[in-house]
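Could you put the whole structure together from the sequences, leaning on the hints where they help?
There are 2 protein chains.
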Amino acid sequence: MISKQPSIILVEPQLAENVGMTARAMMNCGLYELRLVNPRENHLSEKAIAASSGAEKILQSAQIFNSTEEAIADLEQIYATTARHRDMIKPVETASYAAENMTQALQNDIRCGILFGPERTGLHNEDVCLANAIIEIPLNPEHCSLNLSQAVLLVGYEWYKRQINAPELQFITNKTTLADKEKVLQFLKYFEDKLDNCGNFRQSEKRERMIINLRNIFTRNQLTLQELNTLYGIINYLNRHQPD
Amino acid sequence: MISKQPSIILVEPQLAENVGMTARAMMNCGLYELRLVNPRENHLSEKAIAASSGAEKILQSAQIFNSTEEAIADLEQIYATTARHRDMIKPVETASYAAENMTQALQNDIRCGILFGPERTGLHNEDVCLANAIIEIPLNPEHCSLNLSQAVLLVGYEWYKRQINAPELQFITNKTTLADKEKVLQFLKYFEDKLDNCGNFRQSEKRERMIINLRNIFTRNQLTLQELNTLYGIINYLNRHQPD
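These protein sequences, in sequence, are chains P and Z.
Note that the numbering used here gives residue 8 to position 8 of the first sequence, counting from 1, and the numbers run on in steps of one.
Note that the numbering used here gives residue 125 to position 125 of the second sequence, counting from 1, and the numbers run on in steps of one.
Misleading hints may appear alongside valid ones.
Because identical chains cannot be distinguished in the list, a pair is counted as satisfied if it fits within a single copy or across any two copies.
[Stated by the list, open to error] With a cut-off of at most 20 Å between alpha-carbon atoms, the simulated EDC-like pairs for lysine to aspartate or glutamate come out as follows:
no. : residue 1 : residue 2
1   : Lys57     : Glu41
2   : Lys175    : Asp87
3   : Lys194    : Glu56
4   : Lys57     : Glu33
5   : Lys4      : Glu76
6   : Lys4      : Asp109
7   : Lys47     : Glu17
8   : Lys189    : Glu208
9   : Lys47     : Glu70
10  : Lys57     : Glu142
11  : Lys194    : Glu208
12  : Lys4      : Glu142
13  : Lys4      : Glu100
14  : Lys189    : Glu56
15  : Lys4      : Glu33
Worth flagging that the hints you see were computed from the coordinates, not collected in a lab.
Written out as structure tokens, the structure is:
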């Protein structure tokens, strides 16, 4: 568990199911600190637990507050998530930019929290004005309304990405390994010899071009030792079992 | 609508509600091309339409196929989303990296599609092996299972971000504008004069430090003209109505 993390603060959530789904989204993103301001329904109801889909420990450890002011009292940097511009004079950051800022802040022991409003209305202006900045998730302006848990998921995802720095591209070879170029060239030579022994391939005017295409095909895609063996087998199979 | 966009391909989705929620998530991300391979339930049922929350036009224009092969036939670059490593020799990309690659590919008129598997099992290996690459969304390994629509949302979000390049940080001033430095300094001078006229502030040994703190407070947060007027009013109010 990443110890320095922002608190997720749901202000007056209406449906227990959405609180449960939020817990699930939080756990997806390695976020465990949930605060609830005046939830309308019981966040430990069966519905909530079922919707959390295995993240009930987040629901169980959630802190409950009577006001947003109390919920943010021990924190130092607060973000308010809104789907639309408000009549507020405030910096508006993308989820990505805010995640970067929060990561920096948390590293400097500045405690952060993110406010999410009630499902139907979003945050009240009285809550937004408590925040240092607004997070606006860049979404299709024709359809930017998100389910509460999805808003938490996107903000949490941007934060989590920065904590783990997953490699952008991996080549998974499982139990086998990449073939070195000697083995790939040996295979290509074997393939070409087989072709040369087939009918009039050696004399074909297309031979040179075909060999180049063949080499491009099989060098472009990083063959593994296991795959080379499969290819040897297939060529032999084709070569031995001529059609009638 | 962004004309060059990847197709979202749901392979054997189980619940109509999830197809509806997927349509909603797609529309959030400006994605309109939905393909369904053997959906178990009717994707135009009331449940599906309600879950799409205003994105029913995506459901109505969805194309239905009998096999993944048919669903990808007219496309050139296919991604398979998986939550866990498979016994597949294949590049594995983050959602972010794949979104960048797809953006480039689409600009070069390479048609792209993204496969999402059934809710309970995820994609079958027979589908994964049809893809050029795997997308693995970097999530908490202790809890990486996502709802179908949430997986679509995260992949779609990464793609959409690259299409619009929303400004990372905006300072919203609405109907007012930022005060220029002359006006801010005039205000600070006014404030300091008021203070100097208060009791023994002018002689205080803390005066210099307090003036510097005051200037830092009010220059750090980009005051607008409207806010300057509010501050003038507040200072006058405080100054005129001394406590008894």
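Hints and how they fare:
Taking the shortest alpha-carbon separations for Lys57 and Glu41, only the intra-copy value of 18 Å comes in at or below 20 Å, while the best inter-copy value is 33 Å. In the homo-oligomer, the alpha carbons of Lys175 and Asp87 lie at most 20 Å apart only across protomers (9 Å), although the nearest pairing inside one protomer, at 58 Å, exceeds that limit. Taking the closest pair of Cα atoms, Lys194 and Glu56 never come within 20 Å of each other, the shortest separation being 62 Å inside a single copy and 56 Å across copies. Taking CA atoms no more than 20 Å apart as the test, Lys57 paired with Glu33 passes inside one copy only; the shortest distance there is 10 Å, against 38 Å between copies.
In this assembly of identical chains, the alpha carbons of Lys4 and Glu76 lie at most 20 Å apart only when taken from the same copy (13 Å versus 43 Å across copies). Taking CA atoms no more than 20 Å apart as the test, Lys4 paired with Asp109 passes inside one copy only; the shortest distance there is 8 Å, against 44 Å between copies. Proximity of Lys47 and Glu17 under a CA criterion of 20 Å is satisfied in both settings, with 6 Å inside one chain copy and 17 Å between copies. In this assembly of identical chains, Lys189 and Glu208 lie within 20 Å of each other by CA distance solely inside one copy; the values are 13 Å within and 84 Å between copies.
Proximity of Lys47 and Glu70 under a CA criterion of 20 Å is satisfied in neither setting, with 27 Å inside one chain copy and 39 Å between copies. For the homomeric pair Lys57 and Glu142, the shortest alpha-carbon distance between copies (13 Å) is at most 20 Å, but the shortest distance inside one copy (37 Å) is not. Within a single copy, Lys194 and Glu208 get their C-alpha atoms as close as 15 Å, which meets the 20 Å cut-off; across copies the closest is 91 Å, which misses it. Within a single copy, Lys4 and Glu142 get their C-alpha atoms only as close as 36 Å, which misses the 20 Å cut-off; across copies the closest is 18 Å, which meets it.
In this homomeric assembly, Lys4 and Glu100 come within 20 Å of each other (Cα to Cα) only inside a single copy, at 14 Å, whereas the closest approach across copies is 30 Å. In this homomeric assembly, Lys189 and Glu56 never come within 20 Å of each other (Cα to Cα): the closest approach is 59 Å inside a single copy and 56 Å across copies. In this assembly of identical chains, the alpha carbons of Lys4 and Glu33 lie at most 20 Å apart only when taken from the same copy (10 Å versus 40 Å across copies).
The structure is inconsistent with the numbered hints 3, 9, 14, although it conforms to all the rest.
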